[in-house]
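**Q** These are the residues of each chain, in order.
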Amino acid sequence: MASHVSRRDFLKLSALLPFLRFGLSDLAANDFSVSGGSDFPNILFIVFDTLSARNMSLYGYPRETTPNITRFAGRSVVYHTHYASANFTSPGTASLLTGSYPWSHRAFHMHSTVLDRFRDKNIFHLLNEPIHTIAYSHNLLVTSLLEQFKGDLDIFMPTRDLALNDPEYSDRIFPRDYNASFWGEGLTLRGGGSRPSSLFLSLVYKALLYVRKRALAEQYGQSFPKGLPNLNDIYYILEDAIDWIITNLASLPDPYLAYFHLLPPHEPYTPRRDFIGLFDDGYVPTPKPPHFASEGYSDEFLNQERRDYDAYIAYVDSEFGRLLESMERSGMLENTYVILTSDHGELFERGIRGHVTPALYQPLIRIPLIISIPGQEERRDIYANTSCVDVLPGVLSLLGKQAPDWCEGQLLPLQPNQQNLGQRSIYAVEAKTNPKHSPLRKGTLALIKGDFKLIHYLDRQGEAAYELYDLSKDPEEMEDLYAWQTSLAADLTQELAGKLNQVNQPYLR
Amino acid sequence: MATFSERWASLRNPSEATAITFQSAVLVFTAVALPVHIWSILHVLEELPAWLLRLSVWELLGVIAYTQAFALFESLGIFLIVLIPALILPKWLFANHFVALAGLLVFTNSLWAILLQQNYATVSDWGARQFLPWLALYALSMLAVYVSVLFSQKLSQWIRSFLDRTAVLAGLYITIDVISVLIVLIRNLPL
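Order-wise, the sequence lines are chains G and H.
Heads up, the first sequence is in this note's numbering, so the first residue is 1 and it goes up one at a time.
Heads up, the second sequence is in this note's numbering, so the first residue is 1 and it goes up one at a time.
Calculated from the structure, these hints are not laboratory results.
Hints should not be assumed to be uniformly reliable.
[Stated by the list, open to error] The calculated SDA-like cross-link candidates involving lysine to any residue, where the alpha carbons are at most 25 Å apart (straight line), are:
1) G:K499 - G:L399
2) G:K150 - H:S124
3) G:K226 - H:G127
4) G:K213 - H:T122
5) G:K401 - G:R119
6) G:K436 - H:N109
7) G:K226 - H:S124
8) G:K436 - H:S124
9) G:K449 - G:P413
10) G:K150 - G:L399
11) G:K288 - G:K499
12) G:K288 - G:R119
13) G:K213 - H:F131
14) G:K150 - G:K213
15) G:K150 - H:L115
16) G:K150 - H:E59
17) G:K442 - H:T122
18) G:K449 - G:A489
19) G:K226 - G:Y297
Please read all numbers here as calculations on a predicted model, not as lab measurements.
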């Protein structure tokens, strides 16, 4: 393992390199106080990709998947019905960072970016005046978004910095045109939906990648027998990212806003060896009928996949536990807001596995939100419905700033007695098949209001286009009330139609 | 028809070998550009509907430009891989069949590459035992190309004639590629 240790050491040292870019004189000029004497607290975002609240023991899941996050929750504000704005990374993360729903920022396709006018409508732009900003993502979908916001980032770490291999070239060759060159590179060397557009050189690329993959498998195979965490041909281990945060966060100039978007527990579900088989307990969740967009997976297969996902969450939780211990030891929690959340969830039911689906059921959109306030010692539980678009105004308010008028979120309640948000409406959008610059007419919308949730499949007609659930009595979304609760169904349908008409206005000719 | 030994003896006669001309180099470039660009354009067109959903016209032009600029450099790279050995190796190895030989070698390798692209998921799981017979078959196909071109005037002429007729396509591809390179340059200009 000698090479492993030296690599870690290298990462720790290399992590300091970005600060050299600023130089001490720049730090002084920007008045960043390294000693922590600033009026502003630090803010640390830890976003675990694809972490469904449904599968976290913190939120009542029968498997003990998140003991460390539960311990963290003991000194935090815990949001019990917090929703992502979408069911996959690009729109979910764009909403978190811009405080806007997908119908506004329009990053609702795979690997899409926000509209140009949102380049300066993001959390980094709003906070970069008093605060030092740093962002990193394992997930290239998020890196594409961060690249749009890099003008507001003091440090924008490329994905390769905390990855085990580096198959990306476009950001170094064409730094001025990252997204188009990245999409071009992707199609040329890796293929889009099908095969790569380069006939010969893509094979050389694949062969080199194969050799690197084999070497990594040999190096890490003992610890990760089910394979290494990876996405888009990039391989990672979560340990490296957590080590980097532990080692370097304390040396960041105060006050800072640090955003870390870490890939696990996104598929493939490849937990470390000590978590494999952790949940061979025979647990069988409530069986559900197949969805019209079922991928045809059997319940047996889905339960197996759920078991692997749960073990992967336990691995993520264990690494978060390591970070938590370090933050507790260093006293970081005394001057830092730590925000743990996700971009979307994951589904293992109704014949569907994963999150590339038109469905918007609770496991796909109900995500964790846990905020530790500096010096907080007791747990506060918030049961009001909140959305990821509320995080931006919430963070701004923590720093005494007003949310801008374009922001679609509301202030996050921080005290249980602040929960009276009224019958506010929260939305989730799935629109992968809808053109970016056209009115929303394809996809799925969800409206959550009080205890009720209306789902509207825009591509379907009549009653089949709607589902209505009472989440307080039926959290598993088993009994569709649309045909029974006609008055409520009509009200919510009318409200959603009105909202759709409103958000479509700029695109109607 | 000449016997194998007669043909081989004539090949060894350097007086029969001619130098590689600009025209023959253009025809070989055509042989390289044809499969590289057809494959590239087909796959770009395959992705087009998905891109139309999410990209503006300028972004779309940019993405296509990167793929086609890459196709130009891929074509030039492979062309050099074919041309440099031809300049270094003894001329008698090619006799007067440089264009046909290089052309057929490129086409045959293109077919192998397409086969590999189509079955990459399967092949990447292969061990040496499964891989070796295919490697032997590949080597045999290369030998067959060499022998058949050198010993069949008809095949040699047919390939040359085919490349003569398709050279106009290479011109079209180069035009597209040059426009693509320009678009890439414009997109990367400091604002």
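**Q** Look at each hint and say if it fits the structure.
**A** Hint check:
1. G:K499 - G:L399: violated, 31 Å
2. G:K150 - H:S124: violated, 37 Å
3. G:K226 - H:G127: holds, 19 Å
4. G:K213 - H:T122: holds, 16 Å
5. G:K401 - G:R119: holds, 20 Å
6. G:K436 - H:N109: violated, 40 Å
7. G:K226 - H:S124: holds, 17 Å
8. G:K436 - H:S124: Violated, at about 36 Å.
9. G:K449 - G:P413: holds, 17 Å
10. G:K150 - G:L399: holds, 22 Å
11. G:K288 - G:K499: Violated, at about 30 Å.
12. G:K288 - G:R119: Distance of about 42 Å is beyond 25 Å: violated.
13. G:K213 - H:F131: Measuring from Cα to Cα gives roughly 19 Å; hence the hint holds.
14. G:K150 - G:K213: This hinted pair is violated, its Cα atoms lying about 30 Å apart.
15. G:K150 - H:L115: violated, 42 Å
16. G:K150 - H:E59: holds, 19 Å
17. G:K442 - H:T122: At roughly 36 Å apart (the allowed maximum being 25 Å), T122 (chain H) and K442 (chain G) break the hint.
18. G:K449 - G:A489: holds, 12 Å
19. G:K226 - G:Y297: It holds: about 21 Å lies between the C-alpha atoms, which stays within 25 Å.
Checked against the numbered hints given earlier, this structure breaks hints 1, 2, 6, 8, 11, 12, 14, 15, 17; the rest are met.
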